[in-house]
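Novice: So you can see what is in the structure, the chains are spelled out below.
Number of protein chains: 2
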Amino acid sequence: MRNGVNVTALAATINAVRQQPKLAQFKFRARNQWDTGGHNVATVHDFYGTCQDMEHKEPFTMHADEPAVLLGEDQGANPVEFVLAGLSGCMTTTLAYHSASRGLNIESIESEFEGDIDLQGLFDLDPNVRPGYREIRVKFRVKGDADEATIQELLRKSPVYDTLANPVKIKIEVEKV
Amino acid sequence: MRNGVNVTALAATINAVRQQPKLAQFKFRARNQWDTGGHNVATVHDFYGTCQDMEHKEPFTMHADEPAVLLGEDQGANPVEFVLAGLSGCMTTTLAYHSASRGLNIESIESEFEGDIDLQGLFDLDPNVRPGYREIRVKFRVKGDADEATIQELLRKSPVYDTLANPVKIKIEVEKV
Chain B
1 MRNGVNVTAL AATINAVRQQ PKLAQFKFRA RNQWDTGGHN VATVHDFYGT CQDMEHKEPF
61 TMHADEPAVL LGEDQGANPV EFVLAGLSGC MTTTLAYHSA SRGLNIESIE SEFEGDIDLQ
121 GLFDLDPNVR PGYREIRVKF RVKGDADEAT IQELLRKSPV YDTLANPVKI KIEVEKV
Chain P
1 MRNGVNVTAL AATINAVRQQ PKLAQFKFRA RNQWDTGGHN VATVHDFYGT CQDMEHKEPF
61 TMHADEPAVL LGEDQGANPV EFVLAGLSGC MTTTLAYHSA SRGLNIESIE SEFEGDIDLQ
121 GLFDLDPNVR PGYREIRVKF RVKGDADEAT IQELLRKSPV YDTLANPVKI KIEVEKV
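Those protein sequences? They're chains B and P, same order as listed. Each residue of the first sequence is one higher than the one before, counting from 1 in the working numbering. Each residue of the second sequence is one higher than the one before, counting from 1 in the working numbering.
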């Protein structure tokens, strides 16, 4: 074990994927049920990977809401904050796993994330303002063997970092019921 | 109230922003503390908006982990699933708020999200494979006044939809401690 990662199993996983690339095809899923106003509940349970349908041990539910200033009742983080949380988790795990794979011991990882949103975009007040994040700033404080340049390199391998930094194709289907 | 949204307050908010665009500048934040392996904990509490520092009623903590097949202990959804949860919450809230603003009553919103990730990207096995989501498919089932074309239009105003569909500038700072 290194950094809490079973490096033997990690090497075996990477080798299995190298032999059979179809094992690497994963599909992740979420469902969402609107309650009212800014409150809704997402559930994550099943996914697909290594050529089979799988499930988490238990379903994970996540309440999203808006704070009072954005006309909600503050029953959960808001959706754009969930994205920062996902980015933070992904960059952290990517650093821990890749460091383990390279034989680098990590003692601690702490990080802070801040992103800018101009609500003129969401409210359709200025066509030149995008509704989403304009910029996200990330600070990592790391204790361990990896040097700064290596940490910078490894953090950029994060799937959520790539998902945000580069465009993703999104297909939307709507059914009236 | 329409769709659980105070439409008088919503119109007042939009009008205030139209008069003073700096009220629309929001900064959302998250912190993350690594535990071990694929387990880490994100916290969302303070944010900035309407020209002042604010806080949620309480800090929201989110445990991320990986399932056993990805060498974790499955103590929470994984980071790429958090992104789908954020997308689901944001598209749902955007539909509820914009429909309310247009005088359209919505009775129910349910949705499903599925995204494709090829782990050859994360594992550095193929430089042509991106680590993040290649494609995300979204299905909405909506009961209410809005017609299908309007729903399609409103869902695309979502800040998280825009954040994923288009590139975001991300700056990374690393400190060795």
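Please note that the accuracy of each hint is not assured.
The list makes no distinction among identical chains, and a pair is therefore deemed to hold if it is satisfied within one copy or across any two copies.
Claimed, not checked - Under the rule of at most 27 Å between Cα atoms (straight-line distance), these lysine-lysine pairs were calculated in the DSS-like manner: (1) K22 with K143; (2) K176 with K22; (3) K169 with K27; (4) K171 with K143.
Calculated from the structure, these hints are not laboratory results.
Novice: Now, for every hint given, state plainly whether the structure supports it.
Specialist: For each hint, the structure was consulted:
1. Proximity of K22 and K143 under a CA criterion of 27 Å is satisfied in neither setting, with 36 Å inside one chain copy and 39 Å between copies.
2. Proximity of K176 to K22 under the C-alpha cut-off of 27 Å is found in neither arrangement, the shortest distances being 36 Å within a copy and 38 Å between copies.
3. With identical chains, the CA atoms of K169 and K27 are at most 27 Å apart both within one copy (15 Å) and between copies (26 Å).
4. Within a single copy, K171 and K143 get their C-alpha atoms only as close as 41 Å, which misses the 27 Å cut-off; across copies the closest is 20 Å, which meets it.
In this structure, the earlier hints numbered 1, 2 are contradicted, and the remaining ones agree with it.
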